[in-house]
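A.B. asks: So the chains spell out like this:
There are 2 protein chains.
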Amino acid sequence: MNSVKAFAPATVANVACGFDIFGFAIEEPGDVVELRRRDEPGIVITDIFGDEGRLPRNAEKNAVTVVMLRLLEHLGIQDFGCEVVLHKNMPLGSGMGSSAASSVAGVVAMNELLGNPLTRQELLPFAMEGERMASGSAHADNVGPSLLGGFVVIRSYTPLDIFTIPVPEDLYCTLVHPDIEINTKDARFILRNEVSLKNTIAQMGNVAGLVAGLMKADYELIGRSMVDVIIEPVRSILIPEFNAVKQAAISNGALGCSISGSGPSLFALSRGMESAIKAGNAMQQQFAAAGIESSVHVSAINKGGAVVLEK
Amino acid sequence: MNSVKAFAPATVANVACGFDIFGFAIEEPGDVVELRRRDEPGIVITDIFGDEGRLPRNAEKNAVTVVMLRLLEHLGIQDFGCEVVLHKNMPLGSGMGSSAASSVAGVVAMNELLGNPLTRQELLPFAMEGERMASGSAHADNVGPSLLGGFVVIRSYTPLDIFTIPVPEDLYCTLVHPDIEINTKDARFILRNEVSLKNTIAQMGNVAGLVAGLMKADYELIGRSMVDVIIEPVRSILIPEFNAVKQAAISNGALGCSISGSGPSLFALSRGMESAIKAGNAMQQQFAAAGIESSVHVSAINKGGAVVLEK
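Protein sequences, first through last, are from chains A and B.
Heads up: the first sequence is residues 1 to 311, going by UniProt numbering.
Heads up: the second sequence is residues 1 to 311, going by UniProt numbering.
These aren't lab readings, by the way, just hints derived from the structure by calculation.
On a predicted model such as this, the values are computed, not experimentally measured, just so you know.
Here a beta-carbon is modelled for each residue, glycine too, at the ideal position from N, C-alpha and C.
Possibly wrong hints are sitting among the right ones.
[What the hints assert, rightly or not] Output of the computed footprint for chain B on chain A, the stretches with three or more beta carbons under 8 Å from beta carbons of chain B:
1. 7 to 13
2. 33 to 42
3. 159 to 166
4. 212 to 225
5. 254 to 262
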């Protein structure tokens, strides 16, 4: 095989109450990576589209390629050469799992090019290395769902213990990206290192409620459980109009609404696509009323994760 | 109707990772309350068996009757008279939900005697008032499962939002009560009011894992999720031989083991009754090796909660 093209979807991490432990993938948008073997050794980024020239072209410094380098090292493959083209189809620093989508598409494409020596699950630690470089922390709540699809729970980081849970058929996500930017490192920096026991208990109750609500297909319970008393009150300060936009989503039928990842995107979950579209329109109008442009993506939960498009 | 007899089961609260939010009922033991109408107004405790004379005979001060008084007040019933006999079938301060079993048996018996004006779910806030008197905190993780049966999740206390989740058929509980006593108020007092964000995330992961494990009937996941990084490291200091007894349970096939409620009882969950009995024997022997007598109860998860025995 001489060339491969792979797609990895955007993701919503944290999902209100599940900081660092919950994430799910959506259908669109997603990043696309093209790999083409070359005779000379070394991984070379030949083109990046959609990043406005902001991502590093050095393969050791870019999330899309660092995962490939780590994978090659792990497999003991030396003198391997390929060219990389990255199509960024979502904004950087958006809270939509942009770096994760690049890392996952990169590592899936490379694994395919090598004849699939590793399983999907086995690729996860490599994808996490991309996150470590992009955000300073090897979290799995974006790369997990982008790689595996579905609603992902990371029970433990040491050792890594990750699994998916079923979601109701009629659950739709509205993802709204306002045209402002937050750096994930900053968004982590403002968090407190201590949580009150009272808030910990409240958050655990919502985590239990969200898992049970998804598995029972109890939409009301899903909505009641989409409450974050720890992270959202702090991070929402960085997002102009957050409370008004969240309220607009809920007033227009969304089950719940919170920050996607570390923001500034907001996501809402709704029962049915029509409801998700209605919530998205209301959220966009609320941002617009404050002079903030935004893009809206409505999608079912992506069940399969990254895919190889061509080989 | 002139007399009623009701049974309410012992319960395991917290269930490792779920401090204040998880609890389940077992089949045996449980408290029994007998009510008999009398002509004069007032609720009178005529007999308590099994408490070694330690519980108050004043109806306003005893968890079994205070719940009846609050129920009568709520219903606007005055001049009501009955005699109460309480059979305590589990030790006080044991971590087996002793006060909860009395409160639940009491409120279920009284509701029956009055012709069931309230549903089971509606009785919960009254049963919680018994907990407030017994432990200083109106928690629901013992009264919830004792009243409703099954594995109970308390998503929120304000407002109260409680639901049950299914448990695998072959899940058995081993409850071991060492002959030492801990006061629930003391056990709360030694807890820290702050939790590190890192430990909060770890605990949330285990909460999510335990709910998903129970609902998927994934016994391995149940076991991996029975990890408490917040409460157990503190409270276990109050229980002699805790680590050795826990290890004995797990070495003998239990999925996991932790403190039942605020202790000193320990509980283990196992796949199958034989495994649960084997774990119980090992735990009892480990206590015995340190000169501590203990009683062992092996039981399936109680699905129905409190029952009216006679009327």
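A.B. asks: Hint by hint, note whether the structure agrees.
C.D. replies: Taking the hints in turn, this is what the structure says about them:
Look at the stretch 7 to 13 of chain A against chain B: 0 of its residues bring a Cβ nearer than 8 Å to a Cβ of that chain, fewer than three, so the hint is violated. With 0 residues bearing a CB less than 8 Å from a CB of chain B, the stretch 33 to 42 of chain A misses the requirement of three and the coverage assertion fails. Using a Cβ-Cβ cut-off of 8 Å, 3 residues of the stretch 159 to 166 of chain A lie near chain B, which meets the minimum of three, so the contact claim holds. For the stretch 212 to 225 of chain A, the stated coverage by chain B holds: 6 residues have a C-beta nearer than 8 Å to a C-beta of that chain, and at least 3 were required.
With a cut-off of 8 Å between beta carbons, the stretch 254 to 262 of chain A has 0 residues touching chain B; three or more are needed, and the interface restraint is violated.
Comparing the model with each earlier hint shows violations of hints 1, 2, 5; every other hint is respected.
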